[in-house]
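Chain A is already provided as a structure; the job is to place chain B on it using the hints.
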Amino acid sequence: MTIDMSQFYQVFFDEADELLAEMEKLLLALDVNAPDSEDLNAIFRSAHSIKGGAATFGFTDITEVTHVLESLLDRIRKGEMALTTEHVDAFLASKDVLAMLMNGHRHGEAIDHDAVQNVSKRLNALSEGGPVAAVSAPAAQQSAPAEKTVPTADADGNFHFRIELPAVPQKDVDALAAELGLMGTLTRDSLPDQRAVFNLVTSESQDTIVAICAFVLDPDALVITAAGPSAPVSAPAYELYEQVPPPASAAAPAPAAKPEPVAAAPAGETKNWGRRATDKEGGNAESSSIRVSVEKVDQLINLVGELVITQAMIDQRISALDPLLHERLMNSANQLARNTRDLQEAVMSIRMMPMDYVFSRFPRMVRDLAGKLGKKVEFVTRGAATELDKGLIERIVDPLTHLVRNSVDHGIEMPDRRRAAGKNESGRLTLSAAHQGGNIVIEVTDDGGGLNRERILAKAKQNGLAVSDTMPDSEVWQLIFAPGFSTAEVVTDVSGRGVGMDVVKRNIAAMGGVVDIRSVPGSGTTISISLPLTLAILDGMLIKVGEEIYILPLGYVVESLQPAPVDVKEIAGQGKVVKVREEYLQLIPLYQIFAIEPKSADPSQGILVILESEGKKAALLVDSLVGQQQVVVKNLESNFRKVAGISGATILGDGGVSLILDVAALLRSSRQLNVDTLCF
Amino acid sequence: MTTAKTILTVDDSGSLRQMLSFILKDAGYGVIEAVDGNDGLEKARKQTVDLVLTDQNMPGMDGLSFIRALRGMKNYKSVPILMLTTESGDEMKAQGKAAGANGWLVKPFDPARLTEVVRKLIG
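Going line by line, the protein sequences match chains A and B. Number 516 in the numbering used here belongs to position 291 of the first sequence; there are no gaps in the numbering. Number 114 in the numbering used here belongs to position 64 of the second sequence; there are no gaps in the numbering.
Same shape as in the complex, but just chain A:
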């Protein structure tokens, strides 16, 4: 029977990914001094399951690593060996190696063979650490004595190797077979492409085999795999205990009454069903979720977007009708509006993913980083179930990684310094996520030394940034986002938070988010990222200039007002400013930017919309406010081209197209007022 094993690979990889993630999570949470036996069992089971699958599908390299891992875990969970941090470290390292091997099979990524060897060596060395001194249970079996190579010896102290030769002349094959045959039991086989394969059972190490082969061929071209003792070449594949009930057809005689070991498939037979994974997705019978491509979901969202627009059109047409004559039509239209809204929410929620997707990668990183720096860090996450749009969640990973790394590296102090400052030796790093209105707020908080105001100001002056000593803290902290701060080495010594912060800020801004810093000297720093939940829909304020309707993302709008003529002043060469509650704001006439004929160019005749972004404020002059509504964002670049000052477009209820203003860019390009020149 021939079956194409590759059709099951994808399911196996997905499954193994989950098991590895689960294993890592449990390992990180493990209390080395008093490990929970249930957790140990679960970790063991993960390794065991991966091994089973890998062996079935012929991923020998994965089977080997999991085999050693599993044996060690088994001894620990049975109490034959005490758990130490070295064990946990080695287990985590093997998890990484397994993930790498998996990616090798899956995507053809490069394999670091040294890393594989090292992990196997580490695990083997630990297995040989012997049983716990005091505890009764004698170690079930001491592993092979001195030899610390990848394979584990079987009961007789022999290793099982499978040696794939490169294409070489037959006489060389024969010579090698004769030579290697002296080392133990050798059986010969061949690959579909006629290359020879030896199965060798020997007490010698792999190095010896390589050394012998090196006489006739390039050792790098050799593929030597160790068959673990779990699949000994001679073991029976199955066994029936006793006489089995005869098949219902009753015609067939009952099979042998005695246990009947059947000749096993040679190890190689199950192990070479190919390596490439296919894209075929497996349908899990019991699974309560299905995998759907993101394109399909996006198409669905797009269609719902169109539906929302159509519904808005119907609404507008109906509003012109006489409510008394068309009462039932109007009721139905209202219902349609409700259903549309619900449908939209439901569809949008498909793209939502829990923040855990991002958070789960940090415990390991923090642990490794703290270990490397000699710091003690307690890592806490909150709100991992908070959901965020898939597109955003993928883009938040890099900035967050950067911030977390910075906090461990530069925020949290060394244990001795913390002790001197009267703090707990181990620092606390908190990663949290929470919904606030239509936004998600993600915060990285450390209880480290905080930012150093003086040093930042000094550095800013040195870089030629416009600063004053009386600046409020919040503005001082924003200075570390300035590009000049990023590369200078000095900053790392000063506050440490300079490296790449401008990139972080730019990335967040590109997602429509803002970054805020709160810091108290001596007690820590919080970096807060606020992001819109989704980029596909936004709450917009519709404004009118001349005959044009534009949309302002509501998040930027602070307030709108009609200024008194006396509050509007003209500054020579700087345009107009308006005084709003003792604060002078730059006045941006929208009609000038888009060269439109306004109803009136006089600010006191129009409406000022006060906008705020990245800590900058300005007043946008428009003719009138039209209203507020949720709009479906259509990308302008993909349909037309990039237009300065415009971030996108949408279709209004009447079918007309309206442009969405890029408020952040608008404010950036507006001249920032120099406070000192404003003496009236």
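Honestly, the hints are just simulated from the structure, not real lab data. Treat the hints with care, since some could be wrong.
[Said to hold, decoys possible] Which residues of chain A face chain B? A partial, calculated answer using Cβ under 8 Å:
1) S274
2) G277
3) F440
4) E464
5) V805
Because the structure is a prediction, the values reported are computed rather than measured. Cβ coordinates follow ideal geometry from the N, Cα and C atoms, glycine included.
Frame of chain A; chain B shown alone:
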């Protein structure tokens, strides 16, 4: 052959289950999948099958407990049960036999061996 015989496969690994189903269906059997011992018992209760294939190492209820529980059910006194295990040690064999299994099949297995042993048991 009259009606297709049905086999219940119990394994926590989806890829293994999928492969078992593929092989067994290809050999002309009907297959019901269960994800662990408890699920297995429930599926077995709903429909009496002709053969049960179970993994040993599963979270929740393991294979041995599952077999013991199954043997306690009225309809499963004599339905053949085959254990899938990575351990082929004597201890495991003895435990399987004591629990009421009819035999074991070592993982990883060759598809041909699987159909061979299943045919021996239920034709």
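(request) Any hints from earlier that this structure breaks? Give me their numbers in increasing order, please. (result) Hints 3 and 5 are the ones this structure does not satisfy, whereas the remaining hints hold.
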